[in-house]
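Participant: Below, each chain spelled out in residue letters.
Number of protein chains: 2
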Amino acid sequence: MIDTITQGTTTTAATEQVIQQFIQAWHTQNKAVSKYFQKYDDAVYMQEVAPGRNRAIYLLGHLTSVSDNLLPLLGLGERLYPQLEELFGTNPDKTFEELPTVAELKDYWEKVSSRLAAHFKHMQTYEWLEPHTRVSEEDFAADPFRNKLNVLMSRTVHIGYHLGQLTLLKPEEPIA
Amino acid sequence: MIDTITQGTTTTAATEQVIQQFIQAWHTQNKAVSKYFQKYDDAVYMQEVAPGRNRAIYLLGHLTSVSDNLLPLLGLGERLYPQLEELFGTNPDKTFEELPTVAELKDYWEKVSSRLAAHFKHMQTYEWLEPHTRVSEEDFAADPFRNKLNVLMSRTVHIGYHLGQLTLLKPEEPIA
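Chains A and B, in that order, are what the protein sequence lines are. The numbers in the first sequence follow UniProt numbering, run straight up by one, and end at 176. The numbers in the second sequence follow UniProt numbering, run straight up by one, and end at 176.
These aren't lab readings, by the way, just hints derived from the structure by calculation. Hints should not be assumed to be uniformly reliable.
Because identical chains share one entry, a pair is satisfied inside a single copy or across any pair of copies.
Derived pair list, reagent style EDC-like, types lysine to aspartate or glutamate, alpha-carbon separation capped at 20 Å [as the list claims (entries may be wrong)]: (1) K31 with E86; (2) K170 with E48; (3) K170 with D93; (4) K170 with E138.
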């Protein structure tokens, strides 16, 4: 294995492998979301995952918004759909009467996922160990775990968290 | 950063950092489970997380059993509570009338988590890149991602998945 010294960080093939494993885990969760939202008719996703809880459409918008926010957070560019933040981030489900349709949100989800995947293909190992864009130099110096990789790790678990909820939706029940 | 060559794998401080970040993510999920099961009276956890779905007690047993199984899977020893597999793994909730109590399961959960944490403290970086105990040499050669680290990564997301479900439980509802 050959060491490469880039931007002051020593990396090896082992580090690269470990980071690639993590990106694969992120992809696995993403694909599980895509598959889940291909499973039923769009109308099914207007249901709550459990009585009085978020609707599946809200969780799809929420996951899309959180992924979209990775673009600025990882220094990869502007959000594709900044309007999702208010609809599915800062406000709870059922705040707004009008939301994008399930079909639109599925399209946004795929576009955000593809955009991120394209960026991840070109990211160098050392870049993952750099601070994300919302941590100060001092805070990063105190805790070097506050890097871009950590953001991806927490977002991967976050997708799993909501997938666990989405699987509770019972499509056989009458749609309100 | 100094390279160390151990057991044929080149590792650097960067690799070690990345692996430590994963272990931290695993700990974070573990602590969230512990905290969740300290939140309410034990009787609350006898409820289903959503109508017709698993009870919280079942998910606690399930998470404990899956974590316990990491001991043999990572080559760290025998399971502490092999009896949990039948109760919370191979069979769905409500198969058995008699289960360990919530208090017992909480104790098992803490003991398994502590045992794993103690092992992880002593594991070397290169060990995480070794095959787990249930992958063949040929399969590992074909896919070196099938290592111990990958097992820990998927288990971390798995905990998040069930935490997402546990948070749906409504403790204010009358207990059946």
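Participant: Next step is simple, just say for each hint if it's right about the structure.
Facilitator: Taking the hints in turn, this is what the structure says about them:
1. K31 with E86: neither (25 Å within a copy, 30 Å between copies)
2. K170 with E48: Both: 9 Å inside a copy, 15 Å across copies.
3. K170 with D93: Classified as both; 19 Å inside a copy, 18 Å across copies.
4. K170 with E138: This pair counts as neither: shortest intra-copy Cα distance 48 Å, inter-copy 41 Å.
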